[in-house]
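Visitor: For reference, the chains in residue letters:
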Amino acid sequence: MVEDTRLTDAELEQLDQTVWESAPVESASFEEAVAFHEGLPEHKRFADVLESADRVLTQPRAGVPRLDDQIDLLQTLTDEGDADLLPTTIDSYTRDNAYEKAQAGLEQSRETGENELNGFPAVNHGVDGCRRLIEAVDAPVQVRHGTPDARLLAAVTLAGGFQSFEGGPITYNLPYTSKYELAETIEYWQYVDRLSGAYTERGVPINREPFGPLTGTLVPPSVAIAICIIEGLLAATQGVRSVTLGYGQVGNLVQDVAAIRAMEQLGTEYLPEEVTVTTVFHQWMGGFPRDEARANGVIALGAATAAVVEPDKIITKSPQEARGVPTAAANAAGLRTTGQVLQMLSEQSVDLEGVDREQDLIERSVRSLLDAVFDAGDGDVARGTVEAFEQGLLDVPFPPSEAADGDVLPARDDDGRVRLLKFGNLAVDSEVKQIHDARLETRATTENRRPSFRMVADDVSAISDGRLVGRPGDD
Amino acid sequence: MVEDTRLTDAELEQLDQTVWESAPVESASFEEAVAFHEGLPEHKRFADVLESADRVLTQPRAGVPRLDDQIDLLQTLTDEGDADLLPTTIDSYTRDNAYEKAQAGLEQSRETGENELNGFPAVNHGVDGCRRLIEAVDAPVQVRHGTPDARLLAAVTLAGGFQSFEGGPITYNLPYTSKYELAETIEYWQYVDRLSGAYTERGVPINREPFGPLTGTLVPPSVAIAICIIEGLLAATQGVRSVTLGYGQVGNLVQDVAAIRAMEQLGTEYLPEEVTVTTVFHQWMGGFPRDEARANGVIALGAATAAVVEPDKIITKSPQEARGVPTAAANAAGLRTTGQVLQMLSEQSVDLEGVDREQDLIERSVRSLLDAVFDAGDGDVARGTVEAFEQGLLDVPFPPSEAADGDVLPARDDDGRVRLLKFGNLAVDSEVKQIHDARLETRATTENRRPSFRMVADDVSAISDGRLVGRPGDD
Amino acid sequence: MSEPSVVVGTIGSDAHVVGITLLEHALKEAGFDVRNLGAQTPKEAFVEAAAETGASAVLVSSLYGHAEQDCEGLHEGLAEADVDPMTYIGGNLAVGQSEFETVRRQFREMGFDGVFDADVEFEEVVSTLRAELGMDERSTRLTQARS
Amino acid sequence: MSEPSVVVGTIGSDAHVVGITLLEHALKEAGFDVRNLGAQTPKEAFVEAAAETGASAVLVSSLYGHAEQDCEGLHEGLAEADVDPMTYIGGNLAVGQSEFETVRRQFREMGFDGVFDADVEFEEVVSTLRAELGMDERSTRLTQARS
Ligand code: B12
Ligand code: B12
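Protein chains in written order, with my numbering: chain S, 1 to 475; chain V, 476 to 950; chain R, 951 to 1097; chain E, 1098 to 1244.
None of these hints come from the bench; they were simulated from the model. By construction, the Cβ of each residue, glycine as well, lies at the ideal position given by its N, Cα and C atoms. Worth double-checking, as some hints may not be accurate.
[As the list claims (entries may be wrong)] When the alpha-carbon atoms are kept at most 27 Å apart in a straight line, the in silico DSS-like pairs for lysine-lysine are as follows: (1) V:K908 / E:K1140; (2) E:K1140 / V:K897; (3) E:K1125 / V:K576; (4) V:K519 / E:K1125; (5) R:K993 / S:K422; (6) V:K654 / V:K908; (7) V:K654 / V:K576.
[Claimed, not checked] Here are a few chain E residues that face chain V, going by a calculated C-beta distance under 10 Å: (8) L1119; (9) G1128; (10) A1136; (11) Q1137; (12) E1141; (13) T1199; (14) V1212; (15) D1216; (16) E1218; (17) F1219; (18) S1224; (19) T1225; (20) A1228; (21) G1231.
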């Protein structure tokens, strides 16, 4: 049974061996890797740059198969997008640990000159390839992926000079795959976190970032926050000291501001003192309008929200989000639209009424979700997580994975805030449920229809259809 | 000496004759014109559509020389931009009453297929041309121009079926020309307003809209509002019953919201009861970023502001604003970006803290400006206006016209709100001045430099340079 | 008369399920018997399920850009299993910013009877399917009740 | 030694004056004697002022898109008045979305010594002018004090 205990040095060493054994590329020595990191200039040290920033930093998503193209792409994003932090988004085959397929795609891409993968196959590029990337670009770079079993990916990329690694056992399991038990992914990520911890202990802090948006689609803030805190706790146990909690915009200004505040508050409260907690806000992660002009509106609204609540960083989208992997130019354009709004608004103080009430509601729900997890695990957060998901005490909407029940069904209330229509077995108290019910009742009355799956479907498509709340008869 | 009295029917008739005499096109009978208006379907009646709307309506600016092109352009804006209200922007020669030059430009445009004018020469197209336009498009259409002496333009376009006419004796004098006395333009616009009144009395309400943004560049809200109210009063005297007060975004959310609220409040208070007062908010009217992605950010911020305060309509900009007259596609894109943000945000309630205080400050300044005008004219607002501008009691920044002193110099405070650095002789009380001074002092301290012209210059370029406040050492 | 049965799922390594989850509900509401195979379904599993349920239609979803590779051999598989359902595919069918018409042609050639882009509404998918399966003649009343 | 004199103004029917207002201040700060003709200045008035002040440079602003028509004959006028100042033009020099390089060539051909787009910074205009008038040799100290 998985437990939230720190891997010993011996265990780490042994795991290291197993992980590298399966690798299609050569391994690198830890000492040499540490030396590489130590040689990096200050402005490429991820945790430092993020934690010491005095304004909201911008970061896009971006990954293409070939190394040179990836370097060009990232340079375009700093040069033409003023990106503060850089990503390297990993391709889907690598996420599946299908390195041969990734290799084939990479080679095919080299032959055809087309991008035959939807991201950068970092494992196949190997430690050397990664280091060339890190050396070539001019800002800190993070690995962004969605890999349930990211052990080898972490081993390669951390040795390769990346100093931030996204994901976690829950957030890179439930939304991204149907094939893994939670107990399994928790174990895999203990290795990733312990490895990060090992670098950290050598003076190379590795930033870890739970993927807060989860399935990207009407995820209730309390669920996202509770899950990020759990992953933060698991990472801290393994020695991680830089954790960035994440949250995806729902589109209601007050709810988004309240959620980020709640996340900051509870993050520092729940995580051990020695961990530096930062936050990341993701621009709307659900279905985007296909029209670029409308997509720009969605992007700007996300930027405005970030300007109001000032998370440590914002992950930007491009106006081509609905169409496919964006061109470098479109990606940079999304960054500039974001930058303009961020800068103009963050020079003024904007205080919204009603944030406190919403924040209370969120915090209360997060606390009861976390209580349920601790209870279910008899104080062990790893076991508690497995148990809580098994019993549906923790749950997410629209999971591809069977590791979550998927019995919660979200819908927007009349003000556009995300509430729950069905709670399944979710561990929130009855008063909270009544509040959600009442809000959805009000909406039902406005729309003269019962809260139903049809309402959920309308809400899922609403933003891509040009609005926030999916009202009936609106096509 | 000009006076705020209603033109008699005889005077109107006589003026009508003079106006048409100079016309390069045939005149139309008033009766026939009324009949044409009566024949228009409900959804083309400007005042009705505007006054009965239950959400913020969108309206772009757009004008090209040839009739067919103008029809296509406006259709694109409704079809691809979902514009609720349509414009017809008039070319600069027509604004100068240089109808021969306009004619030459129109003919040249027909020959070359290029747009050799920067707008639609409505006078040269004549009453028939205008009617064909009104018939061909599917929404209410307004004449937008910048013509100090717009008598013939009004005669032609109102006979031609337009039901809304922008501008006024102050707002289409000071920002747009260097050649006219205020007393002169007031007289010209009395004709325009009386003509609008005549249609109104026949059941064809003509909407009139002072051009609130004035010189578009850091205009203090109180100045814009006072001037719009004066033009509203002058119009009301001549029988106008539908007045849309205008205001151009300054970019500080709280100040913009406060300004629109103040304008709504004071508009209904100062204008006669029988006038229906509506409001229009202009997206940022100063220098735009050249980069379209950044321009989209500015546009979206304007839309967000409108969603918060809900004026009756919003005038949109295009992402090509800084480059020149936009393509139809870019214009429609600006509308869609605006629409997306407006719709998403107006479904939620967003209440900002600190609006009341700013609104009080604005209202107080407007009242003292208007008091000064009434005093200066011994109760006659027309005479008072001439006097007040002569003495600098009323003034605007950056006027091309000598009819205003141009002794006021605006700068942003530390929060990005527009304050006055130099008041000239402006009629605001010393307490208000002290508030402005104090705010600018704070900024001066932040920036470690004196409030100066350099600060003003930095502020003028700030938004086009990617920020709100022009801080030193920022290039 | 039993309800026509339909198999839906997201193919390959793709984990995007929001679309098929909603599609499943819409199809059920419209009177289909739906088997949802969920995320990351190998093409073989589509064939198996189609054979097992005697499906009238197989609806394949792919959002992440590998549809072409993932679907290679699907139609051959169906033929081998001696089943011949209608096959639809929808989602984001190519990596990057390709023109949809090119994409449509390509998937038609691979054997799909219907190729849909991400703009399609659930209602349209359902009504197209009902029409092609001749369900509307059988149940005009039901359709009227829905619309 | 007297300060070099410069004439600035917005030409034709154009009323955009924010640019020249700021330019006037920047030029004054940099040690020029500036005559600002303001908005809607006919080309004849530029010629007159140049002759009157013995201007070293004439700076013409045009934002509204009619620069070409408005400037026709300006250089001939200057020649007739027997003055030969440097001539700069800046602003938005064409209606619509033309390429700036085409625009620049066109105005060069009309006789302008400097053609600037709307992106130019005041500092750049001032320093170009100072350089071309050979002012920097004379007053390096002043420049240093400013920068
Ligand atoms: C939400 C989302 C996610 C969520 C998915 C959660 C989940 N498990 O479902 C998360 C965040 C986990 C995610 C992950 C990834 N995503 Co994603 N994601 C999206 C997003 C924003 C919305 C998709 C969505 O749910 N839309 C709402 C539903 C209702 O619409 P839909 O699925 O399109 O379905 C409609 C139609 O397509 C149609 N339809 C769908 N299937 C079928 C089938 C048939 C037969 C028919 C007739 C119709 C039909 O029915 C619906 C009617 O409207 C899209 C971009 C967008 N569209 O805005 C990117 C997008 C699809 N993702 C993309 C990518 C690349 C990924 C990742 C590979 C990389 C990454 N960014 O992390 C991973 C994939 C991991 C994996 N193994 O699959 C790309 C795909 C690129 C391409 N095709 O060129 C997109 C387009 C984003 C982008 N621009 O880069 N994603
Ligand atoms: C503010 C503004 C107005 C204000 C002007 C107030 C005033 N009296 O000054 C108002 C609202 C009244 C206005 C009116 C009109 N405007 Co206007 N306006 C603008 C806007 C938004 C900003 C201009 C500005 O002040 N910028 C700030 C200053 C600091 O920058 P600048 O003037 O460009 O100057 C810089 C450089 O160009 C350079 N420079 C300027 N002149 C010179 C000269 C020399 C020699 C040099 C070296 C450099 C130089 O120095 C500055 C350094 O940064 C621009 C679009 C934009 N740029 O975003 C449109 C714009 C210039 N206007 C335009 C138009 C069409 C008009 C109107 C004809 C129609 C209308 N929309 O009503 C009328 C014109 C009436 C008339 N007779 O002139 C168009 C011009 C189209 C074209 N060229 O293709 C523009 C581009 C908007 C658009 N996209 O349609 N406008």
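Visitor: Now, for every hint given, state plainly whether the structure supports it.
Guide: Status of each hint after checking the structure:
Restraint check: the Cα-Cα separation between K908 (chain V) and K1140 (chain E) comes to about 41 Å, which exceeds 27 Å; the hinted pair is violated. Taking the CA atoms of K1140 (chain E) and K897 (chain V), the gap is near 33 Å; set against the 27 Å cutoff, the hint is violated. For the given pair, K1125 (chain E) sits about 36 Å from K576 (chain V) by alpha-carbon distance, which is inconsistent with the 27 Å threshold. With a C-alpha separation of about 53 Å, the suggested pairing of K519 (chain V) with K1125 (chain E) is violated against the 27 Å cut-off.
Distance hint between K993 (chain R) and K422 (chain S) is unfulfilled; the C-alpha atoms sit about 33 Å from each other, more than 27 Å. At most 27 Å may separate the alpha-carbon atoms for a hinted pair to count; K654 (chain V) and K908 (chain V) exceed this at roughly 32 Å. For the hint linking K654 (chain V) to K576 (chain V), the alpha-carbon distance of about 18 Å falls within 27 Å, and the restraint holds. Interface restraint check: L1119 (chain E) against chain V, minimum CB-CB distance 5 Å, threshold 10 Å, status holds.
Look at G1128 (chain E): its Cβ only gets to about 15 Å from chain V, farther than 10 Å, so that hint breaks. Interface hint status for A1136 (chain E): upheld, as the beta-carbon distance to the closest one in chain V is roughly 3 Å, under 10 Å. Because the closest C-beta pair between Q1137 (chain E) and chain V is about 5 Å apart, less than 10 Å, the hint holds. For E1141 (chain E), the interface hint is violated, since its Cβ never comes within 10 Å of a Cβ in chain V; the closest pair sits about 15 Å apart.
Contact between T1199 (chain E) and chain V, as hinted, is not supported at the beta carbon level, the nearest pair being about 13 Å apart and thus beyond 10 Å. Nearest Cβ of chain V to the Cβ of V1212 (chain E): about 16 Å, over the 10 Å cut. The hint is violated. Evaluation of the D1216 (chain E) hint against chain V yields a held restraint, the C-beta minimum of about 6 Å falling below 10 Å. Taking 10 Å as the C-beta cut-off, the interface hint given for E1218 (chain E) holds, the closest approach to chain V being about 7 Å.
Look at F1219 (chain E): its Cβ gets to within about 7 Å of chain V, closer than 10 Å, so that hint holds up. Hint status for S1224 (chain E): violated, given a least beta-carbon distance of 13 Å to chain V, over 10 Å. The criterion of a C-beta within 10 Å of any C-beta in chain V is not met by T1225 (chain E), whose closest approach is roughly 16 Å, and the hint is violated. Of the supplied interface hints, the one on A1228 (chain E) is violated, with its beta-carbon coming no nearer than about 19 Å to a beta-carbon of chain V, more than 10 Å.
Annotation: interface hint on G1231 (chain E) violated; nearest CB of chain V at approximately 26 Å, more than 10 Å.
In this structure, the hints that do not hold are numbers 1, 2, 3, 4, 5, 6, 9, 12, 13, 14, 18, 19, 20, 21, in rising order.
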